[in-house]
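Participant: Using the sequences and the hints given, assemble the complete structure.
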Amino acid sequence: MARRTASVAPLALAAACLLSSGAGALAAAPGDGPGDGPDNVPRDVARSIARCWHPPHEGDEITLRMSFRRDGSIFGKPRITYEKASGGADGEAALANSIFEAITACSPLQFTPSLGAAIAGRTFLIRFVANRREQRAAL
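If you want our numbering, it's the 1-based position in the sequence shown plus 14.
Treat the hints as calculated values from the structure; they're not laboratory data. Please note: incorrect hints may appear among the correct ones.
Ranges between beta-carbon positions, derived for each pair [unchecked claim]:
1) S128 - D104: 39 to 45 Å
2) P52 - E72: 27 to 33 Å
3) S121 - N145: 30 to 36 Å
4) A131 - H68: 27 to 33 Å
5) S81 - G102: 28 to 34 Å
Glycine included, every Cβ here is placed at the ideal spot set by N, Cα and C.
Facilitator: Here is the structure:
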């Protein structure tokens, strides 16, 4: 019997590469609302959340582990895997609150049908870094 090989859709392959490779930092303007159009590539997801994020202090960093459904809603509960906050325990609480408020404000994200199909249920690790000039978010 001949062995059949499945073809992988180019977008699904790109999403898998980006999710597993830890793509570089992405810039987003502080305090901007969600983008005009739907997210079309995995890096747009991080950028969309970063636009809604209002960090409490410059230099704060936080990394989230989260998943999405194909409609852009959050699947499960996002978890903080790393945080570096200014101001001790109060700073950590403020940083955690700020990122969860950003997720709430931006949810559900707007995905193109192809992106939604490619990333539904996949785990994202998104790193957010606050600095004076720009917010950065990286997958």
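Participant: Look at each hint and say if it fits the structure.
Facilitator: Taking the hints in turn, this is what the structure says about them:
For S128 and D104, the hinted distance range of 39 to 45 Å is satisfied, since their beta carbons lie about 43 Å from each other. Between P52 and E72 the CB atoms are about 31 Å apart, so this pair conforms to the stated range of 27 to 33 Å. At roughly 25 Å, the beta carbons of S121 and N145 sit outside the given window of 30 to 36 Å. Evaluation of the 27 to 33 Å hint for A131 and H68 yields a pass: the beta carbon distance comes to about 32 Å.
For the pair S81 and G102, the supplied restraint of 28 to 34 Å holds, since their beta-carbon distance comes to about 31 Å.
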